[in-house]
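K.L.:
Residue numbers (the numbering used here), protein chains in the order written: chain A, 1 to 330; chain B, 1001 to 1317.
Careful, some of the hints might be misleading.
Claimed, not checked - Okay, derived cross-link-like pairs now, SDA-like style, lysine to any residue, Cα gap no bigger than 25 Å in a straight line:
(1) A:K40 to A:G22
(2) A:K40 to B:T1144
(3) A:K19 to B:T1144
(4) A:K253 to B:E1139
I should point out that these hints are in silico values taken from the structure, not numbers from a laboratory.
Since the structure is predicted, the reported quantities are computational estimates derived from the model, not experimental observations.
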Amino acid sequence: MATHHHFAVQFPQVLLLRKPSGFAMLGEQFFTSNKFQYLKAYESALPLHEFLTLHAHSVKAIFSSAGAPVTAEILRLLPEVRLVVATSAGLNHIDVVECRRRGVALANAGNVFSEDVADYALGLLIDVLRKLSAADCFVRQGLWPINAEFPLGSKLGGKRVGIVGLGSIGSEVAKRLEAFGCCVSYNSRNKKPSVTYPFYPDVCELAANSDVLIICCALTDQTHHLINKQVLLALGKKGVIINVGRGAIIDEKEMVGCLLRGEIGGAGLDVFENEPDVPEQLFALDNVVLSPHSAVFTPESFKDVCELAVANLEAFFSNKPLLTPFAAVD
Amino acid sequence: MDNNSNNIIVLMVCPVSNYLEQEIEKSFKVFKLWHFEDKEQFINTHKDSIQAVVGSAAAGADAELIESLPKLEIVATCSVGLDKIDLARCKEKGIRVANTPDVLTDDVADLAIGLILAVLRRICESDRYVRSGEWKKGEFKMTTKFTGKSVGILGMGRIGTVIAKRAEAFDCIIGYNSRTEKPNLNYKYYPNLIDLASNCQILVVACSLTEETQHIVNRQVINALGPKGVLINIGRGLLVDEHELVSALLQGRLGGAGLDVFEHEPDVPEELIGLENVVLLPHVASATVETRKAMADLVVGNLQAHFGKKPLLTPVV
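Chain A extracted, bound-state conformation:
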């Protein structure tokens, strides 16, 4: 071993399946540490399967970013992995069950994105109700001098807003909505004892009693297509849906149909079932605001999440507790 000392891997290796957005947006220097090294699968010419097999003995952790699912197959090829760190709050792209089975720890983005996502949800809501994007378009097209009457919007104050998923993001959304005079209620897996907003155990009933639904929950097997035709019809033709969770929480095909037929009143969507594909029928609608999954695209969020990811990895390699361990569903 002594003669190979120089060339032995000094630091534990953290696998990157895909180049994180943060590397490009902020710079790789924000992600480096003296406690571990990155192993960049995306820079290798080898097919992934071969690359992982070659490095199986040295990869101790996986740094998972959007668009790079951590599947059971990948975990099987990397038996030394004991930690997966995600740069998102939701872990729907990670085989959580397989991780649990193998005793692989999970860390996510904790609350670092909550403020930005909540701000964005409010921005989308005000835009849909007050028609900001449509009005901006109207002005840019030179229509204001020709057609003095732009259609009236709808007041925020007094609107009943149902939050689907009252976690960190949902709570920040609720706090902001209260300042606008909205009446907040929610649906969640369980009622939150410390919260005074009305709780609806059934999302359909929440929709029936709301003017607006804001989707803030995680995507899991239980929440896949949670917002289906029944829920949308319950929301009704003046109802507005805002999605800052994951596209697949809503039955997108049904929602498009409802919007086209006027069965719901409008939508503000930052996420879609098959990004970056967006149903083109939505492009003709001016009661819809579309956004390219950018609710967390601020320097603060990116810096905070990479600091957190590095801190989680450093804690792990120092045998200290994770800062933001992913908790099981409550």
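Starting from the structure of chain A, add chain B where the hints point.
P.N.:
Below, chain B alone, put in the same frame as chain A:
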């Protein structure tokens, strides 16, 4: 003409809404100035019968109109802004003036916050990015966080106060400038507008337009706000030196702007149309179904109160 119990004649100087026209017509005879090609001749013909004028943010009653209507008793504007009415002259002649405060405060404040989010988070630009197919080519760009930012409010009246409360829910640091410091406010008062602009990232123009406040947001104020600063105007176009604003945006001396009002509505400076760091709205801060109805009801209520010899609901003069 409907069967009126009285034949009081109301002159509407600009279109507001069908609803307002219908409601006024229930109790009064209405002349609509925009239906007449020769406005001067029309006024000459009817000057001795017109007892009320109804206007809006777009048009009101200037000195010339007031002088030409000897029987004018009340000017009711469907707006909270009074810049289109010669208040001094009305006072002098004992003409009553009524506007529509309070009912629109929330909507205007909501729009101010909506504009801040739209500009900082590039929401309208994002919508265009998706619709044009650009998302298929690559991710969107970095935007600016709103929570925790410093917001400066020019004019801490009804609307400014409510904007401040909403911004507090986003943990913003609030400062303000107004003619006088307001007691019992937890926000930092800046007696000098340039100081306020130097110390905030987002400046919201929420004061009323008077002779003193024309172009109050001038080149120095805009420069003080700076290349990362954002200007939001939900007051009146003339409060901002529009020429300087355009030049600052084009030269990058100002980071962005959210504008609901312009100096010469409905004309918007051509140079702004091509900019991505601005959001441009056609004066819609009070434009919700609910609020426009409430405003119209208040106008009619004021007219009925005056001619019914009761106290005005929302008197100004």
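K.L.:
Now look at each hint and say whether the structure bears it out.
P.N.:
Here is how each hint holds up against the structure:
1. A:K40 to A:G22: Judged against 25 Å, a Cα distance of about 14 Å means the pair holds.
2. A:K40 to B:T1144: violated (30 Å)
3. A:K19 to B:T1144: Holds: A:K19 and B:T1144 sit about 23 Å apart, inside 25 Å.
4. A:K253 to B:E1139: holds (24 Å)
In the structure shown, a violation is registered for the earlier hint numbered 2 alone.
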